[in-house]
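K.L.:
Each chain is listed here by its residues.
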Amino acid sequence: NAGVTQTPKFQVLKTGQSMTLQCAQDMNHNSMYWYRQDPGMGLRLIYYSASEGTTDKGEVPNGYNVSRLNKREFSLRLESAAPSQTSVYFCASTLDLSSYNEQFFGPGTRLTVL
Amino acid sequence: QKEVEQDPGPLSVPEGAIVSLNCTYSNSAFQYFMWYRQYSRKGPELLMYTYSSGNKEDGRFTAQVDKSSKYISLFIRDSQPSDSATYLCAMLIIQGAQKLVFGQGTRLTINP
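Residue numbers (my numbering), protein chains in the order written: chain A, 1 to 114; chain B, 1001 to 1112.
Keep in mind the hints are simulated off the structure, nothing from the lab.
Treat the hints with care, since some could be wrong.
[As the list claims (entries may be wrong)] Chain B side only, calculated, beta carbon under 7 Å to chain A, not exhaustive:
(1) GLY1043
(2) LEU1047
(3) GLY1103
(4) GLN1104
Since we're looking at a predicted model, the values are computed, not measured.
By construction, the Cβ of each residue, glycine as well, lies at the ideal position given by its N, Cα and C atoms.
Only chain B is shown next, with the shape it has when bound in the complex (with noise of 0.2 Å):
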């Protein structure tokens, strides 16, 4: 079984959708929960990172993480065609050394 699970879609919304994205995890030793952006034929950038179960929000994004679940959400509002792209859920832990664990990516389209 993989340390961090996510659903490679590919899934397809209009545009102004509400999109959901998600990610379980195996490990409760997991300190850090992020999301990264991967547009095509480039690198992955961070999007959002969180700590602590409960929410954050940027802007249009919203980050979720659920500790007692083993679950993590992305959710975008009122998305847009730029936000086409790959989206990849990432887990840390810190133990002398930073351990980044992906999943393996949700590749999105936003249909205008």
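One chain only, chain A, in its complex shape (with noise of 0.2 Å):
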């Protein structure tokens, strides 16, 4: 299993570029989350998916939008990218959100908004 993937690893983007990162997982869970990840600020949670065909907003959504595109996929993605969003982002995965289980990270996204 390769868990939790993520595309790509690095990215540059200029002001207003759009582009839109992509996450996988193959551990057959229904819920997904994307996090930035800013020093001194901890993980944050940008948009989370509870199950296929439904997302919600989480800490920090402004600025992005979100696809849950099956079980196994869900996308973010970045319309009109600013300088505020240079960060790492990771996506995660657990098996169902109404009760706990383990959130599984993916290796993250660099971003660099110039």
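Using the hints, put the two standalone chains together into the complex.
P.N.:
And the structure:
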């Protein structure tokens, strides 16, 4: 099992450009998450998907959109990138979010917006 | 005020030392308390979790929770250079959906 995979690993964008970060999991998990990690801030939740076909905002959703393409895949889109979106982005998945289950994290995407 | 506070360090100790990492929190509704370990340029991985006050031991690691003081700790005994990583505390509420709140993370270096 590959677990949670993310593409790309690194990306440099210019202000105003758009891009989509891809995430896939092969653990048959129902719930998926997108976090961003900034120095001194820990991980903050951007969006999550409780199950296929549903998405909800987290703590810092502004400037992002998400798509739960199917049970395996959850993508994060930046429509018009801004320097404030320079960060490391992590995708995570868990079996079910209505009770305690471990969240498994991907390796991250390092994004720089110039 | 952040819901979860963690000293970012960095913390540097010699090999074999006992390491103590701490977090405080303000939300008494948190139900689960976790410690994640994150190696450089990797994603976080769950190290330990607990849901009650008291101690939980796993090998060289001990997680301690004091709900009355809203304080959690992670102790590492006989620390090894391979323990060098960033350690993140995290607190979980389950209210219809999981809400996981992370501390800032403490960067730890174990010197041979």
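K.L.:
Please flag the earlier hints that this structure goes against, numbers listed from lowest up.
P.N.:
The structure conflicts with hint 2 only, although it agrees with all the remaining ones.
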